[in-house]
Amino acid sequence: MEQLLGILREMHPETDFETETNLVDDGILASFDIVMLITRIEEEFDVVIPAKDIVPENFNSANALYALIQKIAEQDD
Amino acid sequence: MLFPSWAFLLFLAVLVPVYFLVPKRIQWIVLLLANAVFVCFAGVLGAVFLVVTVITVYAATRMFDASFARQKETLAAMKATHTKEERKSMRLRFEKRRRIVLVLTLVLNFGILFALKYGAAIGRISANLFGTEAFGQELALTMGISFYTFSTVGYLFDVYRESIPAEKNPFRLALFTSFFPLLVQGPITRFETVGRELSKPHSFDGRRFLSASLRIAWGYWKKLIVADRLLVAVRTLCAKPDAYRGGFILVEMLLYAACLYADFTGGIDITIGVGEMLGVTVEENFFRPYFSKNIAEYWRRWHITLGEWFKRYVYYPLSVSKPMRDLSKNTRRFGAGVSRRVPVYLATILVWALTGIWHGSNLTFLVWGLLNGIVILLSEELKPLYARFHVRFPKLTESTFYRGFTVIRTVLLLSSLRILDCYDSVGKAFSAFFSMFTTWNWGAVVNGGIQSLGLSCTDYAIAFLGVLAMFTLSMVQRKGAIRKRIMKRGTVFSVCVLLVLIGTILIFGRYGFGFDASQFIYNRF
Amino acid sequence: MKRKGFTVIGILLCCIVFSGALYAVSRLVVPKYHDTLIEGHLSGEYYRETTDHDVLFIGDCEVFEHFSPVILYNEYGVTSYIRGGAQQLVWHSYGFLEDALKTETPKVVVYNVLALKYGEPQSEAYNRLALDGMRWGKAKIGTIRAGMTEDEDFMSYVFPLLRYHDRIDKLTKEDVRYWFSDGDPVSLKGYVMHAGVDPATEVPQERYDPKLPESSMAWLSKMADLCEAHGIALVLIKSPSIYPVWHAEWDAEIEAFAKSRGLRYDNMIAENDAIGIDMQTDTYDQGQHLNLNGAEKLTRWFGAVLKNEYGLTDHRGEAAYDADYAELTERCEREKLRLQTEGN
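Line order of the protein sequences matches chains P, V and R. The opening position of the first sequence corresponds to residue 203 in the numbering used here, with each subsequent residue numbered one higher. The opening position of the second sequence corresponds to residue 2 in the numbering used here, with each subsequent residue numbered one higher. The opening position of the third sequence corresponds to residue 50 in the numbering used here, with each subsequent residue numbered one higher.
I should point out that these hints are in silico values taken from the structure, not numbers from a laboratory. Note that the Cβ used here is the ideal one computed from N, Cα and C, for glycine as well. Warning: the hint list may mix true and false statements.
Only pairs whose alpha carbons sit at most 27 Å apart, straight line, appear in this in silico DSS-like list of lysine-lysine [to be verified]: (1) V:K485 / R:K53; (2) V:K485 / P:K273; (3) P:K254 / V:K85; (4) R:K156 / R:K271; (5) V:K312 / P:K273; (6) V:K485 / V:K201; (7) P:K273 / V:K169; (8) V:K489 / P:K254; (9) V:K330 / V:K312; (10) V:K330 / P:K273; (11) P:K273 / V:K201; (12) P:K254 / V:K330; (13) R:K308 / R:K156; (14) V:K489 / P:K273; (15) P:K254 / V:K323; (16) P:K273 / V:K73; (17) P:K254 / V:K485; (18) R:K166 / R:K308; (19) V:K89 / P:K254; (20) P:K254 / V:K312; (21) V:K80 / P:K273; (22) P:K273 / V:K85; (23) V:K489 / R:K53; (24) V:K89 / P:K273; (25) V:K73 / V:K85.
Label-pair distances were calculated between CB atoms; the ranges are [claimed, not checked]: (26) V:G428 / R:A174: 40 to 46 Å; (27) P:V250 / V:S426: 41 to 47 Å; (28) P:E212 / V:T459: 55 to 61 Å; (29) V:A14 / P:V250: 50 to 56 Å.
Please model the entire structure based on the sequences and the hints provided.
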């Protein structure tokens with residue numbers, strides 16, 4: 203989780219990712235950021251997020267995103 | 002049927018009472034029949050294409066669902082007896098079959114759209130290249146095909162990804178694909194929301210009816226009073242690129258910005274209002290787009306549904322696709338910054354190229370799309386610079402003045418890009434744009450120039466008041482939904498507002514004899 | 050419950066005020082055709098008539114500028130009215146006849162055949178000129194439907210605001226002056242006087258179809274049927290003029306038609322000498338239309354024909370007619386004087 207927060211903070215230092223729950227809908231994470239983020243997640247977690255999971259609900263908060271990463275990681279095993 | 006036509010108003014006046022008077026069970030059938038009438042009214046050929054789309058997408062999605070079920074069954078049965086590798090190869094076999102069906106369906110549906118949209122242009126180009134006779138000149142878009150193809154293909158993708166189950170009744174899919182208000186100028190909608198709601202029963206609600214009428218009337222108001230009026234001047238300006246240069250180009254940019262906004266949002270207001278009248282919620286397509294601070298934000302607020310569609314079905318899948326990931330890995334030796342940017346850049350450029358082509362078959366649209374993409378990437382790269390600027394001058398960058406500046410800058414930037422929309426060649430558009438800086442003819446523009454564009458001083462005054470009204474309403478809207486606030490003040494007040502809207506349209510609207518009932522500009526696409 | 054009642058009354062009130070306001074605006078923007086484009090005023094003036102008529106002229110400018118009901122009455126005692134208008138096409142004429150027959154039955158209907166050369170609607174502006182003043186009824190609905198050009202729609206006749214709303218920034222004093230009043234009549238029982246002289250010159254050559262359009266001949270036939278049904282004598286005339294040319298083939302076609310239906314047909318161009326028309330002095334626009342001089346000569350000649358052939362009653366001495374026509378004569382003299390002083 204800390205690792206994920208680290209990536210996010212690097213992208214948007216001004217945002218408090220631990221409390222924010224509307225990242226996509228409020229326009230903090232734009233499509234550009236999302237793709238960058240997915241690339242970073244693949245690099246660091248070795249997890250590939252499929253296109254069907256790229257929906258606002260999964261990216262609106264750091265927690266949701268972390269849950270998604272874990273879910274995919276489990277499936278892969 | 003165009004929105005501003007007696008035929009459309011009559012159609013609505015018959016449909017709405019019938020829809021609410023028939024038993025709820027058959028409401029959706031009545032609506033389907035109404036759609037059929039609407040589609041056939043526009044031409045039988047268009048109806049044929051629409052039916053082809055419905056049948057192919059229906060068949061494909063049903064196949065997907067059946068395949069998912071069989072896959073699960075088979076894999077479950079294999080669990081005890083087969084190895085993991087064997088199960089995986091079985092899964093891949095299922096996936097492959099589905100992919101083949103998906104690709105065939107896509108090729109057919111986009112093939113029709115592509116042929117109709119670009120057939121004539123390709124015919125002309127090949128005629129120029131090979132000196133043969135230009136073929137396909139009679140090809141033209143049938144009504145709404147750009148919009149319903151995208152909506153329905155979106156549904157195809159959703160089922161393919163197993164995000165939603167396939168609709169079992171083909172007529173309900175047909176109801177979604179052919180929903181008539183969406184055929185005029187969109188928006189692109191999702192089966193999950195609009196499609197499901199369409200086939201549900203709806204009861205009549207007087208207040209909702211009144212509220213929907215307000216929205217429809219406001220749509221007509223924008224279109225007939227502002228858009229169709231300014232269109233006269235815009236057309237005059239665009240028709241003579243040699244005569245109108247320099248200062249005229251800035252006039253053209255601003256008039257076109259107002260005209261396009263009034264036209265497109267007006268049309269969408271009518272569409273959403275008609276949906277609301279029938280009890281169906283249609284997605285919003287605009288969110289005060291001209292108040293955006295940069296182009297990327299503008300594109301999240303203008304023609305929202307098109308942007309969403311491209312993001313959902315092209316941009317994300319493409320940027321996380323295997324080839325893209327491999328490409329990203331292969332470029333790591335140039336540094337992490339480069340390798341991370343590769344997917345984003347490629348996907349962005351591709352999506353914007355596609356968005357450009359979607360808007361028109363002319364080369365100008367492709368250039369327009371690419372420039373939009375480049376501007377967005379550039380401003381993304383400049384972000385650290387801006388951030389430093391913000392830290393350095395926090396007082397300035399947080400002031401209303403600075404916010405106003407970014408908004409005006411964005412409007413000017415996107416208006417400059419739209420010049421490409423006005424001319425038939427990229428050269429003409431660029432020459433027109435740069436003439437703003439080289440030809441200083443403001444004297445001629447102000448003294449008689451503006452008055453020679455086909456609009457009288459009264460016309461400009463009316464259009465200006467119209468734009469002012471739209472602006473004021475947008476400002477007010479920031480504090481809450483306007484129709485809700487009108488309705489809160491009572492039915493009588495709302496009826497008064499409605500009547501004032503209708504009255505001013507009748508008197509000041511640009512319609513009727515001697516004036517070409519111009520198509521909604523977005524109808525072309 | 051009480052609240053609901055208030056709401057309904059409130060909405061009704063709103064709608065009434067709204068309709069009233071729109072009606073007022075509509076009246077304001079509709080062209081008044083009074084000081085300018087007076088031809089548009091002609092179709093409505095008929096309804097001001099207080100006496101009936103033995104002779105009804107219908108047709109285009111070759112009737113409303115060529116015959117003077119004042120002379121017909123003062124010299125022959127024949128009562129008459131002209132329901133003519135600028136480029137009034139045959140279906141318009143039919144409509145005006147049908148409309149007039151609702152309130153009176155003349156003994157003779159005189160139709161000028163020039164407009165038969167048009168078998169298709171010609172111009173939206175002239176349609177409006179003819180029809181805006183017409184009273185609503187079956188006749189008007191039929192005429193509108195028959196004569197609409199492709200871009201017109203029926204609704205704009207029902208609600209003229211739809212047609213004229215963009216005049217809102219082109220309003221003149223005339224529009225305010227006649228906003229809710231029709232003003233004085235602009236014609237003398239349908240006759241519009243022209244006093245100038247512009248001698249005829251050579252006739253421009255034009256290509257033409259030697260056969261009159263079937264559609265207009267069908268309307269003429271309908272007109273003959275209508276007259277027959279009401280026991281009215283239909284007289285076909287071709288008023289004297291040099292241009293537009295009335296071709297010999299057309300003349301023969303009408304001659305044959307008249308014969309087949311047992312109608313009288315007068316080609317007055319052939320009678321120029323008998324009538325005394327001199328296109329050097331009797332036209333105000335080089336032989337297209339007659340001026341006052343020409344119209345008076347023509348009316349005298351034709352008045353004798355009507356009187357002798359159809360045995361029309363001499364109404365002179367009947368108080369109602371005498372009073373009506375005395376007033377008309379006075380207006381006619383004033384108009385002559387005005388034209389002389391203004392040197393029209």
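Inset, instruction - Given the hint that K80 (chain V) pairs with K273 (chain P), test it: the Cα-Cα distance must not exceed 27 Å. - result: holds, 21 Å
Inset, instruction - Take the C-alpha atoms of K489 (chain V) and K254 (chain P), compute the straight-line distance between them, and say whether it is at most 27 Å. - result: Since the Cα atoms of K489 (chain V) and K254 (chain P) sit roughly 41 Å apart, the hinted pair is violated (cutoff 27 Å).
Inset, instruction - Return holds or violated for the Cβ distance of A14 (chain V) and V250 (chain P) against the range 50 to 56 Å. - result: holds, 54 Å
Legend entry - Satisfaction of hint between K273 (chain P) and K330 (chain V), Cα-Cα up to 27 Å: holds, 24 Å
Inset, instruction - Would you check the hint for K312 (chain V) and K273 (chain P), treating anything up to 27 Å between C-alpha atoms as holding? - result: holds, 23 Å
Legend entry - Agreement of K89 (chain V) and K273 (chain P) with the hint, judged by alpha carbon distance not exceeding 27 Å: holds, 19 Å
Inset, instruction - Compare the distance between the alpha carbons of K156 (chain R) and K271 (chain R) with 27 Å, and conclude whether the hinted pair is satisfied. - result: Holds - the C-alpha atoms of K271 (chain R) and K156 (chain R) are around 18 Å apart, at most 27 Å.
Inset, instruction - Take the C-alpha atoms of K254 (chain P) and K85 (chain V), compute the straight-line distance between them, and say whether it is at most 27 Å. - result: holds, 24 Å
Legend entry - Hint consistency between K485 (chain V) and K273 (chain P) [alpha-carbon to alpha-carbon, up to 27 Å]: violated, 42 Å
Inset, instruction - Note whether the CB distance of G428 (chain V) and A174 (chain R) lies within 40 to 46 Å or breaks it. - result: holds, 43 Å
Inset, instruction - Take a quick look at whether K273 (chain P) and K73 (chain V) sit within 27 Å of each other, Cα to Cα. - result: holds, 19 Å
Inset, instruction - Assess, step by step, whether the Cα of K89 (chain V) is no farther than 27 Å from the Cα of K254 (chain P), and give holds or violated. - result: holds, 20 Å
Violation of the numbered hints given earlier is confined to hints 2, 7, 8, 11, 14 and 17; the remaining hints are satisfied by the structure.
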